[in-house]
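Enquirer: If you're matching them up, the sequences are chains A and B in order.
Under UniProt numbering, the residues of the first sequence are numbered 1 to 210, in order.
Under UniProt numbering, the residues of the second sequence are numbered 1 to 210, in order.
Errors might be hidden in some of the hints.
The list treats identical chains as one, so a pair stands whether inside a single copy or across any two.
Said to hold, decoys possible - Here are the computed lysine to aspartate or glutamate pairs in the EDC-like style, where the Cα-Cα straight-line distance is at most 20 angstroms: (1) Lys71 / Asp46; (2) Lys61 / Asp160; (3) Lys58 / Glu167; (4) Lys56 / Asp147; (5) Lys71 / Glu42; (6) Lys143 / Glu38; (7) Lys143 / Asp190; (8) Lys111 / Glu42; (9) Lys111 / Asp132; (10) Lys143 / Asp184; (11) Lys56 / Glu101; (12) Lys111 / Glu167; (13) Lys56 / Asp190; (14) Lys58 / Glu27; (15) Lys58 / Asp147.
Calculated from the structure, these hints are not laboratory results.
Protein chains: 2
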Amino acid sequence: MTAIFQGRAYAMVTDHQDDASSCPWNEREAELLAITLELLQEHGYDRLSVEAVATKAKASKATMYRRWPSKADLVLAAFIQGTRDTAIPPRTGSLRGDLLEIGRATCQQSKEHMRTMRAVLNEMSHNPGLQDAMQEKFGLQRKMVIDGVLAAAVERGEIDASAINEEIFDLLPGYLVFRSLVSDRPPTEDTVRAVVDSVLLPSLMGARGR
Amino acid sequence: MTAIFQGRAYAMVTDHQDDASSCPWNEREAELLAITLELLQEHGYDRLSVEAVATKAKASKATMYRRWPSKADLVLAAFIQGTRDTAIPPRTGSLRGDLLEIGRATCQQSKEHMRTMRAVLNEMSHNPGLQDAMQEKFGLQRKMVIDGVLAAAVERGEIDASAINEEIFDLLPGYLVFRSLVSDRPPTEDTVRAVVDSVLLPSLMGARGR
Numbered sequence: 001m002t003a004i005f006q007g008r009a010y011a012m013v014t015d016h017q018d019d020a021s022s023c024p025w026n027e028r029e030a031e032l033l034a035i036t037l038e039l040l041q042e043h044g045y046d047r048l049s050v051e052a053v054a055t056k057a058k059a060s061k062a063t064m065y066r067r068w069p070s071k072a073d074l075v076l077a078a079f080i081q082g083t084r085d086t087a088i089p090p091r092t093g094s095l096r097g098d099l100l101e102i103g104r105a106t107c108q109q110s111k112e113h114m115r116t117m118r119a120v121l122n123e124m125s126h127n128p129g130l131q132d133a134m135q136e137k138f139g140l141q142r143k144m145v146i147d148g149v150l151a152a153a154v155e156r157g158e159i160d161a162s163a164i165n166e167e168i169f170d171l172l173p174g175y176l177v178f179r180s181l182v183s184d185r186p187p188t189e190d191t192v193r194a195v196v197d198s199v200l201l202p203s204l205m206g207a208r209g210r
Numbered sequence: 001m002t003a004i005f006q007g008r009a010y011a012m013v014t015d016h017q018d019d020a021s022s023c024p025w026n027e028r029e030a031e032l033l034a035i036t037l038e039l040l041q042e043h044g045y046d047r048l049s050v051e052a053v054a055t056k057a058k059a060s061k062a063t064m065y066r067r068w069p070s071k072a073d074l075v076l077a078a079f080i081q082g083t084r085d086t087a088i089p090p091r092t093g094s095l096r097g098d099l100l101e102i103g104r105a106t107c108q109q110s111k112e113h114m115r116t117m118r119a120v121l122n123e124m125s126h127n128p129g130l131q132d133a134m135q136e137k138f139g140l141q142r143k144m145v146i147d148g149v150l151a152a153a154v155e156r157g158e159i160d161a162s163a164i165n166e167e168i169f170d171l172l173p174g175y176l177v178f179r180s181l182v183s184d185r186p187p188t189e190d191t192v193r194a195v196v197d198s199v200l201l202p203s204l205m206g207a208r209g210r
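Construct all of the structure, not just a fragment, from the sequences and the given hints.
Expert: Shown next, in the form of structure tokens:
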């Protein structure tokens, strides 16, 4: 399926590295995406229809389909729009503070979008275009945020660059997403603190702490 | 939905603590579940029908429904049956060896069952009975395996019991499941070694290594 790569959805996916926080939608489009997200959270992906969004938004179906050629395009755009605030690296002034903030934002986002994320994951199995777009967006976004936080910590002299393990850079958000989507123990502040204080910081600072 | 708690599926879920490796199904039933898993991997949850399984297995639909009252029951039973081999704690003789083995088994299982797991997760959003049964089965099973491995390490004197953080006991399998199901970087042996060697072991052995 190539529809996902047509029009503005594609532009947004490829442009985010230049400015992750800019919004590529006008006010009316952002409103349509907000309504999509609302209906998604209420009914889930399978039960969502483009028609229902159009009806609730008092928009024509043609308007919807002109902007988002398929339900998958619409949901992807709504989901990315709804999680835009986690695309910017935190700047708390310390590595610990930044990691706790990434953890907090990941917990909140996963909790809010749990049903949508589960539905999008399932849809990804049948839809390689959606898979590519999701991964390009979220994989890169996650990497950019964490790279930014770690680079700032190196610059402040908190950690050595050699302590960073690229293979598992997304251990913190990845485990928190697992806890939200798969396990029956949704992550809490305690979970974030446990990963940061008893696992990540000892590992990142280990070389100099000993 | 309470059907999931009827019949043998429920017995299996609650009995696994006594003997996680015992098989509650007779030969014919195990064969039906194997065919279910095969069709699941081929077509995904949404496109699977109990009828298709019955046809391929040359069984009557009545036989199928007598044993598994719904598609959700059937899929849960097939999935649990297919992942039975990871229910036993490894005994390699060292904490590092045991953790690497848990990692290896988790990677293999997630890779093999990725589409099914995504579909079951999505279905869980609409089906609290399935959610409870999955969690009871997999949450407890994961905990049992890891508790066994850590207890053996304490007994061998490799780690102090106080180094174990209950809050994040499933960090290793959880992150690997995230990498399989959500990210676009399926976990490899390098991933397992990175988590075990640069994160878990330093954290678990930290108190004595310094």
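Enquirer: Within a copy, between copies, both or neither: where do Lys58 and Glu167 come within 20 angstroms Cα-Cα?
Expert: neither (47 angstroms within a copy, 47 angstroms between copies)
Enquirer: What label fits Lys71 with Glu42 when the C-alpha limit is 20 angstroms: within, between, both, or neither?
Expert: within (16 angstroms within a copy, 24 angstroms between copies)
Enquirer: First find the shortest C-alpha distance between Lys71 and Asp46 inside one copy, then the shortest across copies, and answer within, between, both or neither for a cut-off of 20 angstroms.
Expert: Answer is both: 10 angstroms inside a copy and 17 angstroms across each meet the 20 angstroms cutoff.
Enquirer: First find the shortest C-alpha distance between Lys143 and Asp190 inside one copy, then the shortest across copies, and answer within, between, both or neither for a cut-off of 20 angstroms.
Expert: between (24 angstroms within a copy, 18 angstroms between copies)
Enquirer: Between the shortest in-copy and the shortest cross-copy C-alpha distance, which are at most 20 angstroms for Lys111 and Glu167: within, between, both, or neither?
Expert: Classified as between; 18 angstroms across copies, 26 angstroms inside a copy.
Enquirer: Using 20 angstroms as the alpha carbon limit, work out where Lys143 and Asp184 are close: within a copy, between copies, both or neither.
Expert: Between copies only: 12 angstroms across chains, 27 angstroms inside a chain, cut-off 20 angstroms.
Enquirer: Since the copies are identical, ignore which copy is meant and state whether Lys61 and Asp160 lie within 20 angstroms (CA to CA) inside a copy, between copies, both or neither.
Expert: For Lys61 and Asp160, the Cα distance exceeds 20 angstroms both inside one copy (54 angstroms) and across copies (63 angstroms).
Enquirer: Is it within, between, both or neither when you check Lys56 against Asp147 at 20 angstroms Cα-Cα?
Expert: neither (40 angstroms within a copy, 51 angstroms between copies)
Enquirer: Is it within, between, both, or neither for Lys143 and Glu38, if the alpha carbons may be no more than 20 angstroms apart?
Expert: Neither way: Lys143 and Glu38 sit 28 angstroms apart in one copy and 35 angstroms across, limit 20 angstroms.
Enquirer: Given a CA cutoff of 20 angstroms, do Lys58 and Glu27 count as a within-copy pair, a between-copy pair, both, or neither?
Expert: within (15 angstroms within a copy, 58 angstroms between copies)
Enquirer: Within, between, both or neither: how does the pair Lys56, Glu101 come out at a Cα-Cα threshold of 20 angstroms?
Expert: neither (35 angstroms within a copy, 52 angstroms between copies)
Enquirer: I want to check one pair: Lys58 and Asp147. Are their C-alpha atoms no more than 20 angstroms apart within a copy, between two copies, both, or neither?
Expert: Neither, since 42 angstroms and 55 angstroms both go past 20 angstroms.
In the structure shown, a violation is registered for the earlier hints numbered 2, 3, 4, 6, 11, 13, 15, in ascending order.
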